[in-house]
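K.L.:
Using the sequences and the hints given, assemble the complete structure.
Residues in the sequence shown are numbered consecutively from 1, following UniProt numbering.
Heads up, a few of these hints could be off.
Lysine-lysine pairs mimicking DSS-like chemistry, simulated, CA-CA at most 25 Å apart [what the hints assert, rightly or not]:
| hint | residue 1 | residue 2 |
| --- | --- | --- |
| 1 | K336 | K411 |
| 2 | K108 | K88 |
| 3 | K256 | K237 |
| 4 | K100 | K326 |
Calculated directly from the structure, the hints in this document are not laboratory data.
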Amino acid sequence: MKFRIVIILAIGMFLGACSPKTTPVQKKPIPSETPDIPRQENPKTEKPIEEKPKIIKEEKPEMVISMILPFDLYNFNYKTASLNDLDKAEIAIDIFQGFKMGIDSVAKNNGNINFKLQIFDSKDDPTSLGALASRATIKNSDLIIGPVFPSGIKAFSVYSKNMKKPMVSPLAASDPIIFNNPYLISVNNSLDQHAFTAAAFIKKELNPKKVLIIRSGQADEYKYVVPFKKGMDSLGKGIQVSEIGIKAVGYPNVYKSLNPVGLNVIVLPSTDRVFLITLLNELDKLTSNFQIAIVGHPGWEKATFLDADLLERLNTYITSSYQIEKNSSRSENFIKYYRSKFQLNPSEYAYKGFDIGYYFGKLMDRQGKNFMENLTKNTFDGIHNDFHFVKNAKYGYSNISLMVMKYQFGKLEKVD
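P.N.:
Structure, rendered in structure tokens:
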């Protein structure tokens, strides 16, 4: 925690730095008399020395990237800061550090572009973003990274549209429709995309006799259920799809909704702990009499209360927008360099920041000011994320690259 505070304070000093001081240049004393030059009696005729043409280095074009991140330094008190106070600042720091490593990597290995990186504190306050947007340094940016959270993205989207400046949403999984910004680039997949990908996978790879959606009764579940059912309607014609609520049916009676012959795919759109533990244990009892596979909510990836062995027995799948292959050489090199530079292990936000920095840095290095024209033409296999962007004229660019993961061998493994 102490090291984190040092980093936050260092960034605060960087953001609040004054203009550089100028140092006077000392002039060398000029001799008062010109020294005598001895005369040569029999001067020899010498051939004039041919001067080699000077090599004029072509100046590299500059690309300006502005990062608007929630450091919230103005409200940060290092003497009283708790772990909760550091949460948002840590996300900002990790994204920044990872992103800068990505840009630096492109500059080191390619070097066709001079990158100018500008850092701004959003203060996690949408009302302060208007003042930021009015600054010439923002208006002259080629790319804006951030804000991070949905309220800030929505507020700044107004200015992004007016300036016609592309802005990257690095974390929010919100549906781009709510921001109504044709210049928005959404890196994280929306829940609609997860649901549609799950429906496509069920149809293509599992081809079950029946799909059964079981709800816990929480309203948030419909955010997944509605797009999933739309996906099944368009992709899974011929597959029986039904839906039950556990409060109406009861855990012991779930078996009555299963098909006795053929595969039953059970879709669970909930992240509720009690509901999942109870239902999964009940389903485990049914595996001797029914063929069962589970498709879970993408939020299960971070649900530490779930039993991986149980999920493996139940043939459980989830969709995921990322996977960190820590044993790959790329990941090992990244972890090693990150540790040496920051004395910390990289978080998922540092990985994500690196992938975003490297991807956009590479695009800029190849295409210069025209990098946006090639955004939808370049796919990317990152350390943390894969990118494949599609364009919507009203809502901007969405990353449609998603993975399907299965619980097997004690961990989540990519199967599609």
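K.L.:
Against each hint, give a clear statement of whether it holds in the structure.
P.N.:
Results for each hint:
no.: 1; hint: K336 with K411; result: holds, 23 Å
no.: 2; hint: K108 with K88; result: violated, 30 Å
no.: 3; hint: K256 with K237; result: holds, 23 Å
no.: 4; hint: K100 with K326; result: holds, 21 Å
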